Amino acid sequence: MDIDLSAADLAFRDDVRDFLRTNAYKPGADYGEWRFGWFEKAKAKGGWDVPKWPKAFGGPGWTPTQHYIWEQETAIAMLPFDMPFGVGMLAPILMGYGSKEQQDRFLPDIRARKVNWCQGYSEPGAGSDLAALKTKAELSADGKTYTVNGTKIWTTAAHMADWIFCLTRTEDTGKRQEGITFLLFPMKQPGIEVKPIITLGGSHTVNMVHINDVKVPVENRIGEEGKGWTYAKGLLQHERTGLAGVSRSIVALESLKKQARSVKRGNGSLMDEPAFRAKVAALEVDLMALEFTELRSLAAASAGGALGPESSIMKLKGTEIQQRIAKLTVEAGGIYSAGWGHPVGPKFARNGMASYLSSRAYTIYGGASEVQKDVIAKNVLGIKSGKK
Amino acid sequence: MNFDLSSEQQLLRDSVERFVADNYSLEARVKVTDAEPGFSKTHWKSFADLGWLALPFAEADGGFGGGPIETMLLMEAFGKGLVVEPYLASIVLGGGALRRGASKAVKDAILPGVIDGTKQLAFGYAEEQARFDLEDVITTARPEANGFLLNGTKSVVQNAATADYIVISARTSGGQVDRNGISLFLIDAKADGVERDNYPTVDGLRASEVKLTNVRVDRDRLIGEVGNGFAILEAVANDAILALSAEAVGAMEVLYKDTVEYTTQRQQFGHALSEFQVLQHRMVEMFMEYEQCKSLLFRATLEAAQGTHTAQRTIHALKHLVGKAGTFIGENAVQLHGGMGMTEELRIGHYFKRLLVIDAQFGNSDHHLQKFAA
Chain A
1 MDIDLSAADL AFRDDVRDFL RTNAYKPGAD YGEWRFGWFE KAKAKGGWDV
51 PKWPKAFGGP GWTPTQHYIW EQETAIAMLP FDMPFGVGML APILMGYGSK
101 EQQDRFLPDI RARKVNWCQG YSEPGAGSDL AALKTKAELS ADGKTYTVNG
151 TKIWTTAAHM ADWIFCLTRT EDTGKRQEGI TFLLFPMKQP GIEVKPIITL
201 GGSHTVNMVH INDVKVPVEN RIGEEGKGWT YAKGLLQHER TGLAGVSRSI
251 VALESLKKQA RSVKRGNGSL MDEPAFRAKV AALEVDLMAL EFTELRSLAA
301 ASAGGALGPE SSIMKLKGTE IQQRIAKLTV EAGGIYSAGW GHPVGPKFAR
351 NGMASYLSSR AYTIYGGASE VQKDVIAKNV LGIKSGKK
Chain B
389 MNFDLSSEQQ LLRDSVERFV ADNYSLEARV KVTDAEPGFS KTHWKSFADL
439 GWLALPFAEA DGGFGGGPIE TMLLMEAFGK GLVVEPYLAS IVLGGGALRR
489 GASKAVKDAI LPGVIDGTKQ LAFGYAEEQA RFDLEDVITT ARPEANGFLL
539 NGTKSVVQNA ATADYIVISA RTSGGQVDRN GISLFLIDAK ADGVERDNYP
589 TVDGLRASEV KLTNVRVDRD RLIGEVGNGF AILEAVANDA ILALSAEAVG
639 AMEVLYKDTV EYTTQRQQFG HALSEFQVLQ HRMVEMFMEY EQCKSLLFRA
689 TLEAAQGTHT AQRTIHALKH LVGKAGTFIG ENAVQLHGGM GMTEELRIGH
739 YFKRLLVIDA QFGNSDHHLQ KFAA
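Order-wise, the sequence lines are chains A and B.
So the first sequence is numbered by the working numbering: it starts at 1 and just counts up by one.
So the second sequence is numbered by the working numbering: it starts at 389 and just counts up by one.
No wet-lab data here; the hints were simulated from the structure.
Be a bit skeptical, because a hint or two may be false.
Looking from chain B toward chain A, a few residues come up when the C-beta cut is under 10 Å (computed) [said to hold, decoys possible]:
no.	residue
1	Val408
2	Thr696
3	Gln758
A quick note: this is a predicted structure, and the numbers were derived from the prediction, not measured.
Cβ coordinates follow ideal geometry from the N, Cα and C atoms, glycine included.
Let the hints inform the model, and build the full structure from the sequences given.
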């Protein structure tokens, strides 16, 4: 056992740092232009624009330790988030279950971030219980076209999306998980109506999407009809392992401490107040533990084994920690956390409340914490399900 | 970066796990703890034969030169079996002080007996007024011809009743809470002026209040330098925290797994208890706390083994989390076992009591959170 990085890993870290520094955003530059340029340069480094893609599809083929270093360094450099829907979520499904034609058709634009995707999963009647979804897809008699009708909800970035990957129901007899079909179709077409949903933080990221008689050619179906649930489940795992955000939380905790130290109390600062200080300390301890839980799970993955039981807790604990950091930022802002969109009080307090309110979604999306616990009870503790 | 064990470490873990599985039933444990001296001399001899008593000592001192990782493997397995033999007191504490600070003459005289199991050690580091502060010492050591004269009382000294020698922290100079001025001495447990008030602790182990009245110690029984004992004391306390935390992680694993098993067997309202979601979620929380403690145990142990500059802080973090999680897992194991969890008949309660004592030793959860935040 040891925690030192090898000479090769250290060299890799220097390379990553150097890349992130050299290609950092310069204030005043055109953001969109910088972002596209960044991805091109990252691609030229050997697939750094798609760190998690396998080598066969042009990814870098990093070791788990290299992935960990990348996460750490991009968090420290505060690299803007990449929209996860294309590169992170649909691409693995296309690689695993799509046809060669579909891979050739969709992957290059996903990689170039030319086409924005959104995820059509949840419905008004199917949230954590996703298998209850009802959006209907009917195949024409000639077997060439699906007609899709239904409503999707909580669809992140649907208002900016060019395409949607969508779970639809093609069969409603038999087991609910069977009869679900995975379709891809464009968003900018008649029959699709996107209605914004404004969330507690005042922002517009999620939407309701109405789908009326939208025609989808059968070559836009991933895999077999009725097998969509299996494909989506694989994808949910990709989604959940990416949600813990440990490296980002480590950086966020450091700024929280800095902010709290800037809040003067007598001769000291808010960090000298025992109650606040104890909460920050307890949070940091949990985060230090979670960082090693992630390393243990990476170590298991690099040994080629299945993910150990420890990996199952990442999403639950990681999102809880993100929420606690957001909450303490609100506490640090004091009365100015009540402000809304007006530039008064400490700078960090201006966005604190909105971030905190938005963070309440972390334990709801990607499988609510309660659903995660059901999954751990069943898959890790081996307890027979049978909810009472 | 890796979490793989070397082949020697794997052998050690396998042998201690096998020994514990073969020898530590609840019945056997209770039989041993109900009688004096509160542990099995046969097992202690086996520990010596298996080389475990030699583990942390340098090869030059007749040991195997093991470090924090080896001790962690041993103690985690001990925790699973709820082992009562005084490994912590004799090897980690007493032995830890001697291997760090004793003169060659003292090592040559004492360590062979400790390693072959014929002699045992204890460490009197705590005092009633000190609560968890190692530097709060009012026991005095006054220089006199050829040595020192010790006066004071050391609190809750584990294994003092059986120990042949006791390491004592005493003040040779400075004020009550000064780090400077603390010196360590090795006294003969049966020396004139040593009075031991022996009692069992709630976890079935043994401790004593050790009263020292004009106890004479030769100058060559000084461990480390005069007035500079605190560094050794602190290092030994860190070893102890790592060892106790490993033991606690082993105990937590048994508690959460036993709870899953019990609730799966036990039928109420026409269903296995484990089918009730409210209980499932509680058990998932117990499991998560266990995994988090295990992760932090790895982190702190590896940092200590590699001597990182953050090791001390990570050790505070570990003891904080182990205290918090140990109490949480223990209380909920009892709760989910219902009335049966309250009985001495099941092993649950015995593990719970051990975790409570571990929280109270070398600073509890709150104490270490404060140190961590300082």
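Hint check: 10 Å Cβ-Cβ cutoff, Val408(B) to chain A: 21 Å, violated
Hinted contact Gln758(B) with chain A - closest CB pair below 10 Å: 8 Å, holds
Hint validity - Thr696(B) Cβ closer than 10 Å to any chain A Cβ: Result: holds, 8 Å to nearest chain A Cβ.
Violated hints amount to a single one, hint 1; each of the other numbered hints is respected by the structure.
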